[in-house]
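**Student:** For reference, the chains in residue letters:
Number of protein chains: 2
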Amino acid sequence: MVFPWHLNAHFDGFLWTLSIHVPFARYVAMNKIKTIKRYHIDRVYRRDQPRMTLGRYREFYQCDFDIAGEYDPMIPDAECVRIVYEILSQLDLGSFIIKVNHRNVLDGMFEACGVPPEKFRSICSSVDKLDKTEWEEVKKEMVEGKGLEEAVADKIGEYVKLSGHFELLEKLMSDMGLTAVASARAGLEDMKLLLHYCELFGVLDKVSFDLSLARGLDYYTGVIYEAILTGDATMKDGEVPAVGSVAGGGRYDGLVGMFDPKGQHVPCVGVSIGIERVFSILESRAKEAGGKGIRTVETQVMVASGQKNLLEQRMKVCTLLWNAGIKTEMLYKRNPKLLNQFQYSEREGVPLLVIVGEEETVKGGVKIRDTHTREEDFVEMAALVPELNKRLAECQHSERV
Amino acid sequence: MVFPWHLNAHFDGFLWTLSIHVPFARYVAMNKIKTIKRYHIDRVYRRDQPRMTLGRYREFYQCDFDIAGEYDPMIPDAECVRIVYEILSQLDLGSFIIKVNHRNVLDGMFEACGVPPEKFRSICSSVDKLDKTEWEEVKKEMVEGKGLEEAVADKIGEYVKLSGHFELLEKLMSDMGLTAVASARAGLEDMKLLLHYCELFGVLDKVSFDLSLARGLDYYTGVIYEAILTGDATMKDGEVPAVGSVAGGGRYDGLVGMFDPKGQHVPCVGVSIGIERVFSILESRAKEAGGKGIRTVETQVMVASGQKNLLEQRMKVCTLLWNAGIKTEMLYKRNPKLLNQFQYSEREGVPLLVIVGEEETVKGGVKIRDTHTREEDFVEMAALVPELNKRLAECQHSERV
Numbered sequence: 000m001v002f003p004w005h006l007n008a009h010f011d012g013f014l015w016t017l018s019i020h021v022p023f024a025r026y027v028a029m030n031k032i033k034t035i036k037r038y039h040i041d042r043v044y045r046r047d048q049p050r051m052t053l054g055r056y057r058e059f060y061q062c063d064f065d066i067a068g069e070y071d072p073m074i075p076d077a078e079c080v081r082i083v084y085e086i087l088s089q090l091d092l093g094s095f096i097i098k099v100n101h102r103n104v105l106d107g108m109f110e111a112c113g114v115p116p117e118k119f120r121s122i123c124s125s126v127d128k129l130d131k132t133e134w135e136e137v138k139k140e141m142v143e144g145k146g147l148e149e150a151v152a153d154k155i156g157e158y159v160k161l162s163g164h165f166e167l168l169e170k171l172m173s174d175m176g177l178t179a180v181a182s183a184r185a186g187l188e189d190m191k192l193l194l195h196y197c198e199l200f201g202v203l204d205k206v207s208f209d210l211s212l213a214r215g216l217d218y219y220t221g222v223i224y225e226a227i228l229t230g231d232a233t234m235k236d237g238e239v240p241a242v243g244s245v246a247g248g249g250r251y252d253g254l255v256g257m258f259d260p261k262g263q264h265v266p267c268v269g270v271s272i273g274i275e276r277v278f279s280i281l282e283s284r285a286k287e288a289g290g291k292g293i294r295t296v297e298t299q300v301m302v303a304s305g306q307k308n309l310l311e312q313r314m315k316v317c318t319l320l321w322n323a324g325i326k327t328e329m330l331y332k333r334n335p336k337l338l339n340q341f342q343y344s345e346r347e348g349v350p351l352l353v354i355v356g357e358e359e360t361v362k363g364g365v366k367i368r369d370t371h372t373r374e375e376d377f378v379e380m381a382a383l384v385p386e387l388n389k390r391l392a393e394c395q396h397s398e399r400v
Numbered sequence: 000m001v002f003p004w005h006l007n008a009h010f011d012g013f014l015w016t017l018s019i020h021v022p023f024a025r026y027v028a029m030n031k032i033k034t035i036k037r038y039h040i041d042r043v044y045r046r047d048q049p050r051m052t053l054g055r056y057r058e059f060y061q062c063d064f065d066i067a068g069e070y071d072p073m074i075p076d077a078e079c080v081r082i083v084y085e086i087l088s089q090l091d092l093g094s095f096i097i098k099v100n101h102r103n104v105l106d107g108m109f110e111a112c113g114v115p116p117e118k119f120r121s122i123c124s125s126v127d128k129l130d131k132t133e134w135e136e137v138k139k140e141m142v143e144g145k146g147l148e149e150a151v152a153d154k155i156g157e158y159v160k161l162s163g164h165f166e167l168l169e170k171l172m173s174d175m176g177l178t179a180v181a182s183a184r185a186g187l188e189d190m191k192l193l194l195h196y197c198e199l200f201g202v203l204d205k206v207s208f209d210l211s212l213a214r215g216l217d218y219y220t221g222v223i224y225e226a227i228l229t230g231d232a233t234m235k236d237g238e239v240p241a242v243g244s245v246a247g248g249g250r251y252d253g254l255v256g257m258f259d260p261k262g263q264h265v266p267c268v269g270v271s272i273g274i275e276r277v278f279s280i281l282e283s284r285a286k287e288a289g290g291k292g293i294r295t296v297e298t299q300v301m302v303a304s305g306q307k308n309l310l311e312q313r314m315k316v317c318t319l320l321w322n323a324g325i326k327t328e329m330l331y332k333r334n335p336k337l338l339n340q341f342q343y344s345e346r347e348g349v350p351l352l353v354i355v356g357e358e359e360t361v362k363g364g365v366k367i368r369d370t371h372t373r374e375e376d377f378v379e380m381a382a383l384v385p386e387l388n389k390r391l392a393e394c395q396h397s398e399r400v
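Protein chains in written order, with numbering that gives the first Met the number 0: chain R, 0 to 400; chain W, 0 to 400.
None of these hints come from the bench; they were simulated from the model.
Treat the hints with care, since some could be wrong.
The list treats identical chains as one, so a pair stands whether inside a single copy or across any two.
As the list claims (entries may be wrong) - In the SDA-like style, the derived pairs of lysine to any residue whose C-alpha atoms are separated by at most 25 Å in a straight line are:
#1 Lys326 with Glu393
#2 Lys205 with Gly324
#3 Lys389 with Gly324
#4 Lys315 with Arg37
#5 Lys326 with Gln395
#6 Lys389 with Ile325
#7 Lys366 with Leu383
Predicted, not measured: the structure shown is a model, and the values here were computed from it.
Generate the whole structure from the sequences, applying the supplied hints.
**Tutor:** What follows is the structure, given as structure tokens:
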């Protein structure tokens, strides 16, 4: 999927991002697109002042997945959950939960509790703080800061404790206060479909319908998501704790129309992955595990030599392996020291070395060295590529490549 | 290789690119790096006025490969040639040639011909036009525009006709005028090594040592490269001709020092691929071939159904295939029309469909449909994933995926 990014260069020189989903919605509107599905990993730009000490720069990476188009209810919405599930599972970030809720259920809840409509958004932003703040404090903000009756706040307090799957749904569907609100009923029907589809997609065990989830962004019109890492909070000082939000999003059916001169309506749903956060967690985990951080090269084989005047030999072997599609490197020295080549492979996590030597050349072959076990075996040249491929497949299997 | 791009956001808001190699050299200098090798595909920004009619925007994509560090002569330089060779071969852009030359050979040639030293750069930029302009016109510019003696221009004219491999090298090495210039001798020694290494890397047949190659950029200090597509110049009106320069670069040993306050010397060599040009060629070729353009999705299997009320079945099959790592899609409709699913697969080049049906479900399986041949076969559910993997491997083999 290629983004015509040059279009962006003409908003006073650059496209500044306002928030997740916004650049996508603008793109859909500007290009009069009716259906599209795309992911996108790229730099975006914040217009506010950089705060370098907090690692908050004007420029940062964002990773989004969005689906635009008029479809049947909750099918793309459920696929978004599946995608977040796949990403977080494959990144191996530890245990996680994908919280889901619905704008209409939230609004219905506020109405059922007796929140005046003009306070919905303001009370919603208080609820949004529940992932970091205790209920008592949030309640205080609602009552003292925002003038909500204490009895109303207490009713909200009962709801936002709730999370679950179908049993919660049943409970809410038999809640007369809530189901008196038509939009809440529709929201609950949506959630029922979503949970059902999540079950079919094999991800329900990681999904939690959570009434305390209230993302602050005004433009959400349906389901909202937030993925939270829940694992291993017992980390040492200075380490990035692998807990907290790593993805969020939801349905925003009105946003495209805001950017289209004719107000064309294109419903959208999407998720943004906190990619910079994910990287720092992965980096700190990798350091903790092996002290080496994450691999920054994909090299599979280092072609090495411990004797002099074997540069040409090494080059020929590189050519052979490159032609076979094996990711191969050699040091750019005429006569590098063997130790340097071993150290490079260990430092960069290159799993295998091919060692060229005079003795082996006479015998028509080379040695293969396993960086991990340090074992070395002679292989005839004709058998080299198949043998490397076999070992690389094994490495992959044991997750060492 | 992760670039700390946020650093760039602090040159008056953005990093403007001046030319290829410059952002990389600046990065190496700013981070006091001694050795690094990296590729980079990203947007860069030109400070000059956009000319939209020429497709010249402030923002465009650049794809570079650079190697920095103190190494033995011509080893990284030859790897750059191999990398360009691999990229252009794998992109299947038709026949190409990688022209190589050397700054010192060029300067030596000018000296041997009797060009006054203060005119080297100016005459060099005339030579640079030879890929697009006839010699007679270039000569006219040299003599009438730049005041070069005609006899001197004629001597240059004899040199810039020359191209070849080792036989050209021999000829030049026995050229008394040229070898009287010490730096030219050193340049020829470099070229001898380069051609030898290119032979070892299996790419010499695509390399041409070409004395007419003179890249305009002042900062090159050694080898210079330019890759030219040579194939199929007989195209219809309005089509992008698949000829001309698609990559260029060279050695620039002094550039890092210009950005380092202490003038730290880090030799570099690198190549930039004209990625926007490459894309437009690939697109126009693909359209010519099949009328469909290049695939923008990687979907391998579309899970489809022609009967009603099989959404849940489709979702389950998607889950099965996703779990098996197969790139799978289904339409986000409850009851999509079978024809729409066929058309989508044909339009997007999805090679296989899995068709869910009541009859097949009773028999415990599904049908697999080949988008290309339109043949359909029943497969039992337990055999589905292995069968799809087998067929996808075949598709890959016949380059249809």
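**Student:** Each hint: holds or not?
**Tutor:** Okay, the hints, checked on the actual structure:
1. Lys326 with Glu393: This pair counts as both: shortest intra-copy Cα distance 16 Å, inter-copy 24 Å.
2. Lys205 with Gly324: between (38 Å within a copy, 19 Å between copies)
3. Lys389 with Gly324: Close inside one copy (14 Å) and across copies (21 Å); limit 25 Å.
4. Lys315 with Arg37: between (42 Å within a copy, 23 Å between copies)
5. Lys326 with Gln395: Classified as both; 14 Å inside a copy, 20 Å across copies.
6. Lys389 with Ile325: Both ways: lysine 389 and isoleucine 325 sit 12 Å apart in one copy and 23 Å across, limit 25 Å.
7. Lys366 with Leu383: within (9 Å within a copy, 41 Å between copies)
Comparing the model with each numbered hint stated earlier shows that all of them hold.
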